[in-house]
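4 protein chains.
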Amino acid sequence: MTQVTKIDNLDPKIQALCRSSLSAREHSYSPYSKFKVGATLQCPDGSMVSGCNVENASYGLAICAERTAVVKAVSTGVTDFLSVAIAADLKTEFVGPCGMCRQTLAEFNPDMTIYLVRLDGMVQVTNLNILLPGAFSPKRLTLEFHNGNTKVEK
Amino acid sequence: MTQVTKIDNLDPKIQALCRSSLSAREHSYSPYSKFKVGATLQCPDGSMVSGCNVENASYGLAICAERTAVVKAVSTGVTDFLSVAIAADLKTEFVGPCGMCRQTLAEFNPDMTIYLVRLDGMVQVTNLNILLPGAFSPKRLTLEFHNGNTKVEK
Amino acid sequence: MTQVTKIDNLDPKIQALCRSSLSAREHSYSPYSKFKVGATLQCPDGSMVSGCNVENASYGLAICAERTAVVKAVSTGVTDFLSVAIAADLKTEFVGPCGMCRQTLAEFNPDMTIYLVRLDGMVQVTNLNILLPGAFSPKRLTLEFHNGNTKVEK
Amino acid sequence: MTQVTKIDNLDPKIQALCRSSLSAREHSYSPYSKFKVGATLQCPDGSMVSGCNVENASYGLAICAERTAVVKAVSTGVTDFLSVAIAADLKTEFVGPCGMCRQTLAEFNPDMTIYLVRLDGMVQVTNLNILLPGAFSPKRLTLEFHNGNTKVEK
Ligand SMILES: [Zn+2]
Ligand SMILES: [Zn+2]
Ligand SMILES: [Zn+2]
Ligand SMILES: [Zn+2]
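Chains as they are written, first to last, in the working numbering: chain A, 105 to 258; chain B, 105 to 258; chain C, 105 to 258; chain D, 105 to 258.
Any given hint might turn out to be false.
Put simply, identical chains are the same to the list, so a pair is met inside one copy or across any two.
Unchecked claim - When the alpha-carbon atoms are kept at most 25 Å apart in a straight line, the in silico BS3-like pairs for lysine-lysine are as follows:
(1) Lys117 with Lys138
(2) Lys243 with Lys110
(3) Lys140 with Lys243
(4) Lys195 with Lys110
(5) Lys110 with Lys140
(6) Lys195 with Lys140
(7) Lys243 with Lys195
(8) Lys117 with Lys140
(9) Lys138 with Lys243
To be clear, the hints were calculated from the coordinates, so they are not data collected in a lab.
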């Protein structure tokens with residue numbers, strides 16, 4: 105269900121996506137965790153949107169790199185995503201996105217491809233439907249129960 | 105990997121757990137979503153801790169039933185959980201916990217049994233390791249990268 | 105608008121409230137910040153509800169002591185609070201609740217008295233209407249704009 | 105401490121800031137609250153960064169317009185802000201930012217000017233130090249207590 109490969113073996117567009125997620129770590133604001141993360145979304149028109157994690161003295165306000173990228177894209181009118189590359193501060197492990205980010209990504213595309221990028225250039229390829237099965241998402245559920253009048257385009 | 109059964113067919117202790125999650129919905133504070141959820145944790149000593157969802161005019165502050173139950177338990181010194189029953193406002197679907205709650209539960213036990221309880225008395229039995237594979241959890245990862253000095257007992 | 109005093113000079117009930125917030129720190133689950141906080145709510149019937157902060161490997165899921173206390177109380181059917189005492193890991197400064205907690209408290213009572221308790225037994229007395237003026241709260245605003253059908257009892 | 109004026113009476117740069125916050129509402133993703141909000145930050149170099157609110161089926165993941173703007177700016181390397189304009193779906197009231205956003209803004213500048221923009225073109229001018237006094241911010245406090253090694257540039 106998941107595979108591991110070198111970044112150089114990926115399709116050139118996906119290589120660019122993965123390298124972008126590595127670069128996005130540069131602006132990480134993480135004085136509390138000291139854990140720099142970058143993420144880049146691939147949009148249907150081929151454009152890419154990048155984000156980094158942004159922390160707060162009140163830890164509960166931390167926004168991960170993946171969610172930064174999502175809200176950036178949405179604020180420019182893009183609400184569909186093909187895939188996301190995520191680069192964290194890890195050398196020997198692959199780490200999936202946290203549950204908050206899986207949930208946020210699933211709002212827009214619960215079947216998104218996910219590239220987990222390690223600093224040594226290895227990439228694990230997986231999918232959001234593997235990492236968040238049975239997602240509580242408007243793309244999957246009839247969310248009419250929410251306040252009786254929620255309509256979300258599927 | 106998951107199974108569906110009637111609540112009456114479950115072990116008596118688990119029946120009590122599931123019924124407790126249904127009762128916990130009563131105190132739900134959900135004027136915004138109008139979606140009542142209850143959750144009950146089963147602790148190793150046999151005790152149960154229940155919670156409901158608590159919303160806020162600023163939606164981002166909503167705390168789900170599962171997380172209410174977790175922080176209640178932790179505040180009394182309990183940080184290990186065998187299982188959780190979750191009852192939501194659904195009649196014909198089973199809905200797993202949201203990503204935030206999967207992540208919160210995984211902090212304490214990424215292999216917890218999960219009972220999804222429907223209002224008509226049907227229960228789906230699953231496990232957190234199915235719903236949040238590759239969890240970003242201190243029970244799974246070496247989180248020494250966090251600020252260089254995090255030590256979490258495994 | 106705020107005053108500082110010794111805990112021993114306060115009304116006996118408020119002394120108990122403040123001491124309870126200090127004790128509540130004991131169960132703090134804070135391996136990431138190593139910053140223990142406790143909070144205790146005073147309910148109209150004289151009862152007290154305590155909470156501690158509960159963190160997560162994904163920092164954005166951290167729930168502060170004040171919010172733990174609030175959701176605990178709500179889960180037992182209590183949604184009105186007279187005051188809250190908050191004890192943090194500080195020796196020489198008084199620190200108010202974070203913005204998330206001010207917002208959460210304001211949902212239920214934007215005019216709550218707040219006691220900031222220092223480890224050396226000094227207490228600063230203030231009020232939520234000072235710490236979060238113009239609160240975005242259903243007690244202050246007509247929140248009918250929320251999805252067109254929100255009704256919150258004032 | 106706060107004043108109300110017509111948008112046309114403001115400095116041309118601030119007029120542009122306020123109008124930008126109104127435009128930013130256009131991309132709001134708010135199927136659950138149906139409450140569109142826009143926000144625009146003014147950076148020291150004169151540039152502006154805009155955001156809208158982005159909601160989720162799990163309400164707790166909602167990110168407000170102000171925080172969207174902040175993480176966008178930070179992801180491009182900007183971490184200082186002079187002011188912020190916020191436009192909400194209100195015709196007759198001025199509503200300040202929620203506590204989550206006050207806290208997020210205070211991480212970067214607890215003395216930021218805030219323009220609350222109404223749809224009818226009226227603007228209330230205030231300041232973050234009024235809306236979040238005693239902010240729990242690295243600009244105000246010595247946050248060395250956080251895990252013993254946090255250093256945030258002041
Ligand atoms: Zn995340
Ligand atoms: Zn949840
Ligand atoms: Zn707080
Ligand atoms: Zn906000």
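Identify every previously stated hint that the structure contradicts and give their numbers, smallest first.
Numbers 1 and 2, in rising order.
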